[in-house]
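Novice: Kindly produce the complete structure, drawing on both the sequences and the hints.
Sequences listed follow chains A and B, in order. Going by my numbering, the letters in the first sequence line up with residues 1 to 402, in that order. Going by my numbering, the letters in the second sequence line up with residues 1 to 241, in that order.
For the record, the hints were derived by calculation from the structure and aren't laboratory data. Ideal placement from N, C-alpha and C gives every residue a C-beta, glycine not left out. Do not rely on the hints blindly, as some may be mistaken.
What the hints assert, rightly or not - To give an idea of the interface, some chain A residues facing chain B are shown, with a C-beta separation under 7 Å as derived from the structure: (1) T106; (2) S107; (3) V166; (4) A179.
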Amino acid sequence: MPVGMLLQLSWRNIWRHRRRNAILLSAIAIAVAGVMLLNTMMRGMQQDLMNTAIENLTGHVKVLDPGYLDDPGIERGFEVADGWQSALPDHVRGWAMRIRVPAVVTSERETRGIQLVGVDPARESISFLGDAAVSGQRLSGPGDSRLLIGGLLAEALDTAAGRRLVLVTQGADGRTREAGFRIAGVYRAEIAGLEKAFVFTGLGALQRLLGTDEITEISIRLDGDEFEAATTAGLAGSFRDQDVMSWRQLEPQAASMVEVSDITIYILFVIVMGALTFGLVNTLVTAVMERLRELGMLRAIGMRPRVVVAQVVVESSAIMAMGVTTGLTMAAGIFALVADGIDLTAFDDSLASFGMRPTFVPVFDFRDVVLVAVLSLILGAISSFYPARRAVKIKPLEALRR
Amino acid sequence: MLIAAAGTAARPAAEVTAQSLIEGALDLTRGQASYTEMTMTIQRPGWKRTLSLTAWTQGREDALIRFTAPPKDAGTATLKKGERMWTYAPKIGREIRLPSSMMSQQWAGSDFSYNDLSRTDKYLRYYDFEIVHAEERDGHTVYTLDLIPHDDAPVVWGKETLVLRDDYVTLSQTFYDQELEPVKRMETLEVGDLGGRTIAMAMRMQSVEKAGSWTEIRYLAADFDADVDATLFTTFALRGR
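Specialist: See the structure below:
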């Protein structure tokens with residue numbers, strides 16, 4: 001039997017019950033659209049979590065002294081040989097050398113423990129500092145010995161741009177360094193916790209205060225997470241005495257949340273589509289039972305069981321394919337409306353505690369589209385197995401006697 | 001007459017400078033070595049307590065302060081040696097090195113910070129000072145000094161004013177924030193003779209913003225040329241006995 005005729009038969013069967021098939025088709029379409037949109041949101045959340053973790057002065061890859069994480073301080077600093085950048089592979093968006101040491105900051109009225117970070121402001125486009133809003137002035141360069149402090153810290157210390165703070169930290173010789181610093185500006189971060197944690201000053205200025213020419217970290221931002229493994233491996237060769245770590249190791253909580261949401265996406269898809277499968281099976285079985293006489297007749301005049309099976313499978317796949325296409329189109333339409341981001345400022349506080357931003361931007365991943373389409377078609381084919389078996393089991397004689 | 005007196009005082013004799021006044025005030029209660037006994041009264045809204053303590057100093061850098069009463073606090077001691085500071089609590093049975101970040105925090109729950117206790121010569125190092133006012137009072141010339149910390153000084157205050165008599169007795173000291181609003185003020189309640197010197201016998205440190213909270217220190221006995229054993233300023237001696 002020619003394939004063309006088979007397709008024609010299936011196609012006509014679908015159109016024989018327009019209303020029933022339309023309902024099934026819209027159920028599939030809505031489910032696919034829903035799963036797809038949910039998917040973009042999960043991907044958005046995932047992306048957001050990852051970016052937040054990376055911009056949180058981590059970068060995709062970071063070079064640290066092996067003891068630094070257990071005991072952060074300038075005594076865990078290291079010198080960087082000139083020309084180390086040559087070890088960087090392609091796809092590097094930027095890198096920054098920093099000193100990051102614990103310090104205590106004191107105003108006239110309050111005292112707080114913070115992380116004092118010496119930066120070259122021009123290189124910090126790779127971290128949240130690059131696009132943080134600053135009232136007052138930004139740091140002018142690595143030699144700027146003024147401070148950039150977070151808004152919440154400024155409130156806690158009851159201070160403001162232009163005033164002075166006293167910082168106490170440990171110098172490279174192990175002795176206490178204590179000095180007054182003027183506040184250049186006050187930054188606002190999307191993640192409020194950062195404002196309390198980090199106080200910035202010029203890298204060179206901090207090196208002078210601590211009496212060192214070392215740094216404590218190099219942070220490297222890549223064009224995408226997929227280049228992380230190669231970069232980590234590439235740098236490990238040139239920093240033999242240091243640890244080259246990925247953001248997954250440095251931000252394990254964010255990394256595991258990203259992984260969990262990956263799994264959640266698949267579980268959700270399987271649940272929703274699994275439920276739909278029963279609907280599909282039901283419709284197909286009904287269609288087969290209605291056509292008992294017709295199928296019996298076809299068998300009697302010599303249609304092979306294989307062809308009967310093929311006919312049901314084609315029917316099922318066609319419904320599924322139309323449903324998926326409609327669903328994906330719907331999803332794309334809705335996605336276009338929300339692609340600029342959903343404002344969640346009303347829930348700001350609780351989201352921030354998960355390390356998320358107040359504006360939520362869904363992300364459309366083409367691989368997920370392919371995955372949904374392929375998995376749906378496979379499900380469609382599998383679910384046609386039972387109705388097809390029923391169709392094959394029809395005995396031509398019995399069917400014709402009805 | 002009064003105006004004339006004030007006028008002459010406003011142009012102090014050549015040897016009286018802000019520097020000499022501050023150095024004199026610093027050395028007045030220190031000497032080469034000193035031994036003092038005092039009580040400290042802490043007043044808070046709702047409660048008040050008095051502690052007794054003994055202090056030894058040597059030079060401008062070393063000091064040992066030990067509480068002697070009440071029994072709950074007796075034996076607790078603080079040692080300052082150069083820039084470093086330790087505290088010892090008998091209940092824990094070991095000395096703890098105080099991070100210098102604690103130097104600006106309250107000492108023993110009082111209104112004094114560790115820094116207030118150990119003034120050393122930081123005024124000479126970190127401040128610009130000048131005599132802004134001088135007047136005759138009770139037979140003494142009383143000088144008002146403005147102390148302005150250098151920009152990079154480890155001092156949070158915007159300004160301090162110090163009121164000193166010509167015999168170096170501190171009458172009051174006020175700490176201003178960087179908007180030049182007063183934050184806390186120390187006032188001398190009583191001037192008297194002790195250990196062969198005329199000193200501020202009782203002082204009260206009071207927060208300007210929180211009325212009803214203050215700490216008072218009163219000298220009971222003092223010897224400003226005491227024979228103090230140098231081994232006293234060790235962490236071993238901190239444990240006492």
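Novice: If a hint holds in the structure, say so; if it does not, say that too.
Specialist: Evaluated hints:
1. T106: Interface hint status for T106(A): holds (5 Å vs cutoff 7 Å).
2. S107: With a minimum Cβ separation of about 6 Å from chain B (threshold 7 Å), the hint on S107(A) holds.
3. V166: 5 Å, holds
4. A179: Since the shortest Cβ distance to chain B is 5 Å, the answer is holds.
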